[in-house]
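Chemist: Each chain, written out:
Protein chains: 2
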Amino acid sequence: MASSSPSSSDTNQDTNPINLRPTTYDTWCGVAHGCTKKLGLKISGFLQRNNSLDDKGRIVSSFKERHASKNLLVCENIEDSRFRHAETDFSNLFARDLLPAKNGEEFTMQFLLEVVDILLNYVRKTFDRSTKVLDFHHPHQLLEGIEGFNLELSDNPESLEQILVDCRDTLKYGVRTGHPRFFNQLSTGLDIIGLAGEWLTSTANTNMFTYEIAPVFVLMEQITLRKMREIIGWTEKDGDGIFSPGGAISNMYSIMAARYKYFPEVKTKGMAAAPRLVLFTSENSHYSIKKTGAALGFGSENVILVKSDERGKLIPADLEAKILEAKQKGYVPLYVNATAGTTVYGAFDPISEIADICEKYNLWLHVDAAWGGGLLMSRRHQHKLNGIERANSVTWNPHKMMGVLLQCSAILLREKGILQGCNQMCAGYLFQQDKQYDISYDTGDKAIQCGRHVDIFKFWLMWKAKGTVGFEAQINKCLELADYLYSKIYNRDGFEMVLKGEPEHTNVCFWYIPPSLRGMPNSEERQEKLHRVAPKIKALMMESGTTMVGYQPHGDKVNFFRMVISNPAATKSDIDFLVEEIERLGQEL
Amino acid sequence: MASSSPSSSDTNQDTNPINLRPTTYDTWCGVAHGCTKKLGLKISGFLQRNNSLDDKGRIVSSFKERHASKNLLVCENIEDSRFRHAETDFSNLFARDLLPAKNGEEFTMQFLLEVVDILLNYVRKTFDRSTKVLDFHHPHQLLEGIEGFNLELSDNPESLEQILVDCRDTLKYGVRTGHPRFFNQLSTGLDIIGLAGEWLTSTANTNMFTYEIAPVFVLMEQITLRKMREIIGWTEKDGDGIFSPGGAISNMYSIMAARYKYFPEVKTKGMAAAPRLVLFTSENSHYSIKKTGAALGFGSENVILVKSDERGKLIPADLEAKILEAKQKGYVPLYVNATAGTTVYGAFDPISEIADICEKYNLWLHVDAAWGGGLLMSRRHQHKLNGIERANSVTWNPHKMMGVLLQCSAILLREKGILQGCNQMCAGYLFQQDKQYDISYDTGDKAIQCGRHVDIFKFWLMWKAKGTVGFEAQINKCLELADYLYSKIYNRDGFEMVLKGEPEHTNVCFWYIPPSLRGMPNSEERQEKLHRVAPKIKALMMESGTTMVGYQPHGDKVNFFRMVISNPAATKSDIDFLVEEIERLGQEL
Numbered sequence: 000m001a002s003s004s005p006s007s008s009d010t011n012q013d014t015n016p017i018n019l020r021p022t023t024y025d026t027w028c029g030v031a032h033g034c035t036k037k038l039g040l041k042i043s044g045f046l047q048r049n050n051s052l053d054d055k056g057r058i059v060s061s062f063k064e065r066h067a068s069k070n071l072l073v074c075e076n077i078e079d080s081r082f083r084h085a086e087t088d089f090s091n092l093f094a095r096d097l098l099p100a101k102n103g104e105e106f107t108m109q110f111l112l113e114v115v116d117i118l119l120n121y122v123r124k125t126f127d128r129s130t131k132v133l134d135f136h137h138p139h140q141l142l143e144g145i146e147g148f149n150l151e152l153s154d155n156p157e158s159l160e161q162i163l164v165d166c167r168d169t170l171k172y173g174v175r176t177g178h179p180r181f182f183n184q185l186s187t188g189l190d191i192i193g194l195a196g197e198w199l200t201s202t203a204n205t206n207m208f209t210y211e212i213a214p215v216f217v218l219m220e221q222i223t224l225r226k227m228r229e230i231i232g233w234t235e236k237d238g239d240g241i242f243s244p245g246g247a248i249s250n251m252y253s254i255m256a257a258r259y260k261y262f263p264e265v266k267t268k269g270m271a272a273a274p275r276l277v278l279f280t281s282e283n284s285h286y287s288i289k290k291t292g293a294a295l296g297f298g299s300e301n302v303i304l305v306k307s308d309e310r311g312k313l314i315p316a317d318l319e320a321k322i323l324e325a326k327q328k329g330y331v332p333l334y335v336n337a338t339a340g341t342t343v344y345g346a347f348d349p350i351s352e353i354a355d356i357c358e359k360y361n362l363w364l365h366v367d368a369a370w371g372g373g374l375l376m377s378r379r380h381q382h383k384l385n386g387i388e389r390a391n392s393v394t395w396n397p398h399k400m401m402g403v404l405l406q407c408s409a410i411l412l413r414e415k416g417i418l419q420g421c422n423q424m425c426a427g428y429l430f431q432q433d434k435q436y437d438i439s440y441d442t443g444d445k446a447i448q449c450g451r452h453v454d455i456f457k458f459w460l461m462w463k464a465k466g467t468v469g470f471e472a473q474i475n476k477c478l479e480l481a482d483y484l485y486s487k488i489y490n491r492d493g494f495e496m497v498l499k500g501e502p503e504h505t506n507v508c509f510w511y512i513p514p515s516l517r518g519m520p521n522s523e524e525r526q527e528k529l530h531r532v533a534p535k536i537k538a539l540m541m542e543s544g545t546t547m548v549g550y551q552p553h554g555d556k557v558n559f560f561r562m563v564i565s566n567p568a569a570t571k572s573d574i575d576f577l578v579e580e581i582e583r584l585g586q587e588l
Numbered sequence: 000m001a002s003s004s005p006s007s008s009d010t011n012q013d014t015n016p017i018n019l020r021p022t023t024y025d026t027w028c029g030v031a032h033g034c035t036k037k038l039g040l041k042i043s044g045f046l047q048r049n050n051s052l053d054d055k056g057r058i059v060s061s062f063k064e065r066h067a068s069k070n071l072l073v074c075e076n077i078e079d080s081r082f083r084h085a086e087t088d089f090s091n092l093f094a095r096d097l098l099p100a101k102n103g104e105e106f107t108m109q110f111l112l113e114v115v116d117i118l119l120n121y122v123r124k125t126f127d128r129s130t131k132v133l134d135f136h137h138p139h140q141l142l143e144g145i146e147g148f149n150l151e152l153s154d155n156p157e158s159l160e161q162i163l164v165d166c167r168d169t170l171k172y173g174v175r176t177g178h179p180r181f182f183n184q185l186s187t188g189l190d191i192i193g194l195a196g197e198w199l200t201s202t203a204n205t206n207m208f209t210y211e212i213a214p215v216f217v218l219m220e221q222i223t224l225r226k227m228r229e230i231i232g233w234t235e236k237d238g239d240g241i242f243s244p245g246g247a248i249s250n251m252y253s254i255m256a257a258r259y260k261y262f263p264e265v266k267t268k269g270m271a272a273a274p275r276l277v278l279f280t281s282e283n284s285h286y287s288i289k290k291t292g293a294a295l296g297f298g299s300e301n302v303i304l305v306k307s308d309e310r311g312k313l314i315p316a317d318l319e320a321k322i323l324e325a326k327q328k329g330y331v332p333l334y335v336n337a338t339a340g341t342t343v344y345g346a347f348d349p350i351s352e353i354a355d356i357c358e359k360y361n362l363w364l365h366v367d368a369a370w371g372g373g374l375l376m377s378r379r380h381q382h383k384l385n386g387i388e389r390a391n392s393v394t395w396n397p398h399k400m401m402g403v404l405l406q407c408s409a410i411l412l413r414e415k416g417i418l419q420g421c422n423q424m425c426a427g428y429l430f431q432q433d434k435q436y437d438i439s440y441d442t443g444d445k446a447i448q449c450g451r452h453v454d455i456f457k458f459w460l461m462w463k464a465k466g467t468v469g470f471e472a473q474i475n476k477c478l479e480l481a482d483y484l485y486s487k488i489y490n491r492d493g494f495e496m497v498l499k500g501e502p503e504h505t506n507v508c509f510w511y512i513p514p515s516l517r518g519m520p521n522s523e524e525r526q527e528k529l530h531r532v533a534p535k536i537k538a539l540m541m542e543s544g545t546t547m548v549g550y551q552p553h554g555d556k557v558n559f560f561r562m563v564i565s566n567p568a569a570t571k572s573d574i575d576f577l578v579e580e581i582e583r584l585g586q587e588l
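Protein chains in written order, with numbering that gives the first Met the number 0: chain A, 0 to 588; chain B, 0 to 588.
Treat the hints loosely; a few may be bogus.
Note: identical chains are not told apart, hence a pair may lie in one copy or across any two.
Claimed, not checked - Cross-link-like lysine to aspartate or glutamate pairs, in silico, DMTMM-like; alpha carbons within 20 angstroms at most: (1) K226 to E151; (2) K268 to D237; (3) K528 to D433.
Since the hints were made in silico from the structure, they are not lab data. None of the values given here were measured: they were computed from a predicted structure.
Only chain A is shown next, with the shape it has when bound in the complex (with noise of 0.2 angstroms):
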């Protein structure tokens, strides 16, 4: 531990290694495995390898002898032992040799620290330029097995020599998010401290439903969404909220709120029981708006899509002109989605403006500050997102731009005992009323979850280690590197900025015009000819494997990079490469 005071020996042993010189290879042995804290020394032990069959078998065996009592392995006088990683012949072992299995620890440990090796090489490796983003394949090429990495599952067990193998090739020819060249998504990044809270979560594989199973992790999300309350600017003692399993699933959250806050009815009667309702989303808004509107029953067509301006930002006037529309059609507004940070602009909607024309007609206003929200950690940008304290829920997703491993996305609610009152079904044999302890902790009644991943403790840790500061600090390097590619690439020959102006979020969308282009009037010949550039331009990024960036047609716009910066890896160089790698690979289109 690292918190243990060392006795008064470690300094004279500073000078006085001689205890370390075993003279053969048990003693050698011994003293590897032997427990050696109170010389603050920690030795790895080790096997010699071998590679004839038999003589693995022999060693095997010698092994599971010297290591029968797990003394040898583990220090028991102590709380906390230091685990030595031994070379170990896995080839004859399988998982039924792993705890629980008798005198499985050694081996156990053994493994998991095989497996944390590969991990750490990984690690190593993503935050390596050197490294490439990917080593991409087609899919059949997979499928057929690449040098014997076999997906296919079997009736027999496989070696743990062969699962450390698939281990390691499922790494290889998979996608290095972390690395500081990936922009490919809206989540990038490998932080440290998250990846330490999710090894942690798997360790203790619980459920968030109760208190009972999860205090802990259920204590940390309560603080963690009053935190994010307050940082919203809701005033209200007791708000609600809960993560969920990513932002589709926490905007679908918000409309069933707005739908049971205002028809509570619907939650046993059904949407008959309602008049026809519809919700106000802008064109540039997240698709899972419509998703969840048409699978919680309201109908894809019932949620109305406001026009945005050249920006991207919704038009108060035309979600004013829509709500009288719909109104004059007998429909029944209810719910009007502002987006902080849409996917492909990053734009901002105008809150405070979408929030008088919700006040006016009475209607539940929701904003989804999935991509956007991490701006609230950053005195220099939350600015932008005026107003979220008039609305009635939030998504924010700290798997965006807050780093957070994936995945975790919350769904804040102004108002405590809306999701309770809309979910809760009281199964008794997870919810008694007669427990020992405080059941208002119990939050499986308000998720529509049953079992809930615990996505909270990743994040709670990244927040003790950083800071509220230390979010801030990363936050705002992200938009200055975006800030960054703008300026460079704003006049530079052969690109073309999709929008006007300098970015509001990390999000830089542009064109890149191959030299063939860029003598050509604007016919439609040329857009066709543009629209196959960003493709090809992605299908030989993705076939060097040196960095990863998104394109999309949209509206009128034919195929477009949409660069996008989450990554407190990436510098101004990873920018540079990522311009020189498009003219690279783009030049002879």
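Given the coordinates of chain A, assemble chain B onto it according to the supplied hints.
Modeler: Frame of chain A, contents of chain B only:
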């Protein structure tokens, strides 16, 4: 790498440990951090601990200097390096000193190795029966901060030393769901292969929506789902499915699929476009059918509860009567859920008879095998799900009976295309049609989520490591233990079974009758007293931390214990322990 070949010098080294004898501190450090792979020896480095803050700072600085070049840590000439755990002072280190910080690699590796040490100790103790299952504290105690464990978040960062302490405390005050005496939920155990898989998943930190960023995981999901469909017995070449965040969401998918199959216009026009649709499920089924029925706009009243027999199995005659009754009222029956393994009793509904009725009335048949699906892996027990091959959809949670880490739940469909049709919204920025690979592998548009956590890898890896036969053995063992428990308490003084006959699943439901109630006639007073017994024993159990088992009232039955066994680490001795512990704690009530 386990498969790398050793050099011939390895064996020579066996009897020649002379190179391991450094004579001064610095020389020793040199050996410890040098690249000794060639010698086949791994020795961890070390730093002396020191209590003085000044000295700490000095040591860290010196450590930084000596390790500025990453070559000291990492042997660059080999593909994968073995990392050496060195004693490191984390009290002056912060998250900002880790990668991507310049020279952050060494600290990153040492920090993660320290975390791994904490986790390995936790794993070891989880399987150690002398360790408590939990160290119970009330919410207010944890919120007040026990022994300095402060859950509140602050503006400023904490040192990595404090972060490590926070990790230890988080585990200390949690519940060991993998402990062989934790019987509290349907998901128990801590599978080592699954754990390795989940650590890797966290490290890969990607998202399931496209092949582009999760090529290997997307294919593993496809292959595993196909295998599961084969085991269900569907003969169609092209079924469908997806892993979802838990059984409740999987059940939600089944209802959405049924609705889309029969009333596709609801997607665009809402529930108003359909007649009054009704769903059927047994009174013993999981509450998520009702909950998601409410969420999707059917209304909980339109989820009609069918009677169960005394064992908790749906009564087909009552199903048919309720269908006819609904039709007579002008409602339109849409969907029947049959449960394979109910939550409390572990009952299997008679699927074949239910399938006959569904065929007769042209209804969608869903089988909720979240809990019982694992039995399909056992040739001895799979007959309990006979008829499942006639279902249109199946929920199957490998995180329950198969011991996969949380969470891992699959919704499987016999017919391909429904999920896609039901959920797709064609977001151009995510699901581009002009990619260079076969985009039919992109799964995002059939999900109700946008981002989707990688739940497949741990399961795939476990299947590889155990084979189908390994799962079979593990499941058979759990069912044998349930039989053992049943035989043990069936005629035991002070125990009364809730159900007649041997258990079908691992659920064993019973009352413990304290000596004070044993002679008492079955009066209302006795029932009231008995109702309070299980909660009291449970509270004492949690406070002593020795074991955990669930209880609940059910229908007209007062609180009883529901024992479930899904942890392959449990043995007969643990069952004996539980029974004796209940007797010990309940003796005086």
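Chemist: Does each hint fit the structure? Answer for all of them.
Modeler: Each hint, compared with the structure:
1. K226 to E151: Between. Shortest inter-copy distance 9 angstroms satisfies the 20 angstroms Cα cut-off; intra-copy 46 angstroms does not.
2. K268 to D237: Neither: 29 angstroms inside a chain and 37 angstroms across chains, both beyond 20 angstroms.
3. K528 to D433: between (69 angstroms within a copy, 13 angstroms between copies)
In summary, the one numbered hint that this structure violates is 2.
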